[in-house]
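So you can see what is in the structure, the chains are spelled out below.
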Amino acid sequence: MSTLDSIRNFSIVAHIDHGKSTLADRILEVTQTLSEREMREQVLDSMELERERGITIKAQAVRVNWRGHQLNLIDTPGHVDFTYEVSRALQACEGALLVVDAAQGIEAQTLANAFLAIENDLEIVPVVNKIDLPQADPAAAAAEVAQLVGETPDRVLRISAKTGEGVEDVLDALVERIPPPLGDPDAPPRALVFDSSYDQYRGVVAFVRMLDGRFSTRQRLRAMAAGTRFEAEELGFFSPHRSPTPTLEAGEVGYVVTGLKDVSRLRVGDTLTAQESPAAEPLPGYKEVKPTVFAGLFPTDSDEYPALRDALEKLRLNDASVSYEPETSQALGFGFRCGFLGLLHMEIVRERLEREFDLDLLVTAPNVAYRVLTAAGEELEVHNPAEMPREVELVEEPYIRASTIVPKDHVGSVMELNNDRRGRFHHMEYLSEDRVLLTYDLPLAEIVYDYYDQLKSRTKGYASFDYDLLGFEPGELVRLDVLLAGEPVDALSLVVHRDGAYARGRALVDRLREEIPRQLFDVPVQAAIGSRIIARETIRARRKDVLAKCYGGDITRKRKLLERQKKGKRRMKQVGTVEVPQEAFLAVLKLDGDRR
Amino acid sequence: MSGDVRHLYVHLPFCAHRCGYCDFVTLVGRRDGHDPYVDALLIELALEGAALADDLETVFLGGGTPTYTDPAALDRLLESLPGAAEVTVEANPETVSPELARLLRRRGITRVSLGAQSFQPDALQVLERRAGPDAVRDAFYHLRDAGFDNISLDLLYGIPGQSTADLARDLGEAIALGPEHLSCYELEAKPGTRFAFAHGQELARQAEAMEGYLELVVENLVSAGYRWYETSSFCRLGRQARHNLGYWRGEDYLGIGIGAVSTVDGLRWRNRAKLAAYLGALSERRPPPRDEEPLDPDVRRRERLLLGLRLDEPLALAQVEGAVDGTGLTRMERLGLAELRREGLVLTTRGRFLGGGVTAELMAESPAKSTI
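Residue numbers (the working numbering), protein chains in the order written: chain A, 1 to 596; chain B, 1 to 372.
Rather than coming from a laboratory, the hints here were simulated on the basis of the structure.
Accuracy of the hints is not assured; some may be wrong.
[As the list claims (entries may be wrong)] Short derived list, chain B residues pointing at chain A, Cβ under 7 Å:
#1 LEU214
#2 TYR229
#3 SER232
#4 GLU303
#5 GLU365
The structure presented is a predicted model; accordingly, all values stated were derived computationally and were not measured.
Think of the CB as a built atom: it goes at the ideal place given N, C-alpha and C, for glycine as much as any other residue.
All chains, please: the whole structure from these sequences, using the hints.
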């Protein structure tokens, strides 16, 4: 048996909570990759955040041995926002385990990732998990999965990752059904960088899938697209800890320690080859995924701006889907306008920045990208409401096709929600007697606020949701500005549908009036569309201060009091002549998540 | 006595009763302690007297209730204190008998500051004051009869339950007596005090109305011919409290007695408030236990600013160099809350109502950040 013939590269596609990580752990255990003592729950989810949220964010690759074969498990994230990461991981595989919960059946996002795997010509090994649960219906779940992937139900494996039942059969099925990798061991080397991480001491660590040829330790390598040259300081694979090896061979999955300190010099999707006798053609890169949701990230303490910049740079090496560009806000100072794959992605990036880089951040209300035709005939793409021209000819916004799988009793309330959110009905289909697949076309802007929460509460948590971008469509959109003492506050500008503008403006103005402390003068708070004021309140000026007496014994205390007061002012953001506490911005920005 | 200090403060801590809102260093009763205390005061004066100038401008006896002090002890103290152009004693109305008024006059007191607080019986009860409105008036006339032509009344506003009309009545009755000087303070209910505990809810209810109380006070007193010369002080022509004016103009002062504060040549010290330790140290002719605070020139200039802006007279910029926040000044000028005149910096009327809020804007955070 040649080396290639003994290798199987696969990933696991599953919905959150359907047992992907438990299955991965069990595979490590059954193959004795880790001793029992080393087994911890869900070893693969190494990031603290992943452990807490119970979801996988970063793809990882682990090598196990099973009956004379080398199996490489490339772990994939299970959330709708991470389609990009899934697609990268899938490109390094020949097969995928499709895991479905025996009690819950297929979820909307499992569909999406399964289709992605099928599109990548991966061999799908369907698995029904959690057959040990009392409410499990393995036969029904197997029938659903079989229909989806075009298999017969008897080929669907039925297991319990929790008890270990059927896990060995899964490993056998992987070996039998998934084809070995194709590739030429004697050709000039080519490896696909499908992920990377940054190690403080060793620099950029690239996760690679060798297609052709081999790499050896200390070999001089080159990234074909970027032209970056470096020496392979260490080669190895994960078991699941780093295990150095002298070579990486065609078909294998492993890592390369590059020693590169500049994170921008090795991009995910690039092809590594040898500096001497290099490959002629790079591998096709990954599909670039464009961010769909944008928000401003500002350090709470303006001194932390350089730290935020460094953190974003490092984070991007780990997560190539984050985009960022400098943004200056008169209210919030220096920061970055960042693009994310979705709302959860935004949350995760924010939390990682705060935890891993010890930053304190203020995140503005998320918005989508708009395409604008200005009155002057200029075409723009706007990622920030503050940059939306006030005079426009046409504004287009992104639309999505939302797929929701929901028990039939909740169909009415989901339709109502979608209609409220400017949705257009597209299709309805009964997946089974009880479960309905609903598809709607919706403006993406309508789901970036609290759509998930609303969907969850209206369906008691039974709905699953996924979407695809459809493209841009024109909309009756207006820019809503907030003015404090006559000055627009850039951080609070919004682009809203004309019909919702009044209610939105009213809510913003009311909240600001509550949140901004009284000043030394009257402060009008207004919401405006262009030059038209649609809502107004006034924060009345203070009329007195605590004056009290001030004689010989009071002077020190008085001075310290004023000095403290003065220091407190520095924490305020100055908007024109108005001092606005950070909390007021937060409260208003949060309002966007709380509306309705 | 050959120093430069021209202001002397003497603290007499004894009171018949501690009022719920009071935060001064006071001791209730202890009549047998008055004599030893006066002895100690005189020893401290002898120890520190070198700082004092030969011709004092002011002496101020504050409390406590100085006039509650045992008359013989008080008489002995007054006899031994140096004379000055202005010698003030604080008095509670119920302690001012015709005899006491005459004693004060005889011992060279030139000015009496009478703690009237209010003329409304309900308000006085809330404040736990012993004197009723008639006692206030009686005390005032006893002082006039004894020949005092410089009397100040203390009034409080924002008393729990006090309406705008109640305050207007108090001001009317005070004006009717015709004092030379008035000090009007908003009542501060310090969190954690039994007063705040008892009246906090009532005060929160009237907070909205109290916003306008200082304006009402100023309006009434100014239209009755008083000059609003300091944040909380009003006077007839030329009748400013010269002792307090010394504080506000940044002049040095010596304070003796428990809890008393002195500021001399860039050093501030505060005697500890413990009576026994104070008496013990001075009986051995040692300075009493005290906490010292050196004042560097930057701090002094900032204090100069915060004190000077309490007055209606312009503060010369030369005295507060480096202490003014240039950006803040521009903002305050634009908002009409402060003015930079040729003679110096001064708050406008509206700026004076806002007091500390405006001063905080005008004060530089640290010398490095200042632009003037």
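Verification of the hints:
no., hint, result
1, LEU214, "holds (5 Å)"
2, TYR229, "violated (14 Å)"
3, SER232, "holds (6 Å)"
4, GLU303, "holds (5 Å)"
5, GLU365, "holds (5 Å)"
Checked against the numbered hints listed earlier, the structure breaks hint 2 alone; every other hint is satisfied.
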